[in-house]
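Using the sequences and the hints, build the whole thing.
Residue numbers (the working numbering): 645 to 1090.
Hints in this document: simulated from the structure, not taken from any laboratory.
A portion of the hints provided could be inaccurate.
When the alpha-carbon atoms are kept at most 20 Å apart in a straight line, the in silico EDC-like pairs for lysine to aspartate or glutamate are as follows [said to hold, decoys possible]:
#, residue 1, residue 2
1, Lys746, Asp711
2, Lys832, Asp767
3, Lys888, Asp862
4, Lys832, Asp711
5, Lys832, Glu910
6, Lys746, Glu685
7, Lys888, Glu910
8, Lys888, Asp711
9, Lys888, Asp870
10, Lys746, Glu757
11, Lys888, Glu873
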Amino acid sequence: MSDSHNQRYDCVVLGAGLAGLYAAYLLRQSNFSVGVLEARERVGGRVLTLRTLAHQQHAELGPEFIDSNHHRVIRLAERFNLTLSTRPDFWGVSPSPPFGRKAQRAWRQFWNEVYALAAQVPDRHAPWHAPESLHMLDCVSMRAFAERLGVWTAGEPLFRRYTQNMEATEPENLSVYSIAAQEAFYGKGVHAGVYRFVDGTDRLPRALADAFCALGGDLRLSAPVDAVEQTPDGVRVYARQAGKPLTVQASYAIVALPFPVLTQLEWRPAFAPWRVDALQCAGKGAVIRTLVQFRRRFWREEPFPRAYPDRADISAIWEATDLQAGESGVLSFWTGGDAARRWASLSEHARIDECLRVLEVMYPDCRAQVIAARSYDWQADPFAQHAYIHHAPGYLTEALPLLRQPEGRLHFAGDYLSLFVGYMEGALESGERAAHAVQDALRPPA
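Structure representation (structure tokens):
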């Protein structure tokens, strides 16, 4: 990308996460000139593979699992010769003891009601087009709905584990209609978390970036954006790189930044009030990922723990290296929702120590096997400031359809705009939608 202030592109993309990279790649394939600005020193955004482990092993600190209906991820893996593999049946070691019959009955009753609601969603691809009765449920939290059913007290541990693991929040903060709408959107026969990238998830954004550049696209890393100005005939972006000002002009912009970052930039003119209000409805999911590498995979030798901790902020533990060879292995510890917010005050060392304290109850003497460890707090990442969105009450029906709309010459992309909530597929889907909109705007009328 030229340093000249007169350099102009058909489109400038802000953010080189999966949404931005895919949008840029699609536009460049259609022979439009495209520049990409990324604040980080790397591409991928919240895709982050840890590659400093011993014995050439790797593990994920960001997104990891791919469902069977994530067709864009699967197609791109095929296009770029990236190997996917089905996961073994071993899902992980629960840090909680098995739940009792009352909790299981409450859980089943809740989901039977959710499935009944899902069957009422008239348009699974646009669930905001729904009758008033469903709109009203978008303002009802998962907890409030469970209380209405009389199943909250018995089922609370299961409800909390579900929202902490899947939605990165608590049942009080999650719309029950969003849960039903996601069930309707996914439909039946989808296998959840069935695939992983064998050589690491970061291979996907790196392959997209390489393909984009090979097509003649311009990519700037370590180039944070300070301000975006719309003019009568285009967009002017004010950024910095290597301590020097960088100005980029384009006919259109695709803003593919995490939503918490959007309101921290200067926009000229300012965002419309409806967009500011809609962004405030988006729920910032909180997740801390902790990886611990051990000399041997003792959990395979003893799949059922000897005991369980009285209380654990860790809501899921699984093996991150089940597709990798070697005697050593890595366990991934998931802390989500309010627990992740509490852990934000802990040092990385303290978070790792807490993971090992919990694991020691289950597998005594595990500390002696530790080779390396890393803990990552996504809320503390200045370029993300959250892990992924959760649909707070009101977001799905009121905010999401607004946030998908362009504002002048600005188009928007990101997983927060997709019904593939919290998945790489959602980022790709939103980037594809934004790219098609810009293509239509750039093409001369027939």
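Structure-based check of all given hints:
no. : hint            : in the structure
1   : Lys746 x Asp711 : violated, 30 Å
2   : Lys832 x Asp767 : holds, 15 Å
3   : Lys888 x Asp862 : holds, 18 Å
4   : Lys832 x Asp711 : holds, 12 Å
5   : Lys832 x Glu910 : violated, 44 Å
6   : Lys746 x Glu685 : violated, 50 Å
7   : Lys888 x Glu910 : holds, 18 Å
8   : Lys888 x Asp711 : violated, 43 Å
9   : Lys888 x Asp870 : holds, 12 Å
10  : Lys746 x Glu757 : holds, 17 Å
11  : Lys888 x Glu873 : holds, 19 Å
Consistency with the previously given hints fails for numbers 1, 5, 6, 8, ordered from lowest to highest.
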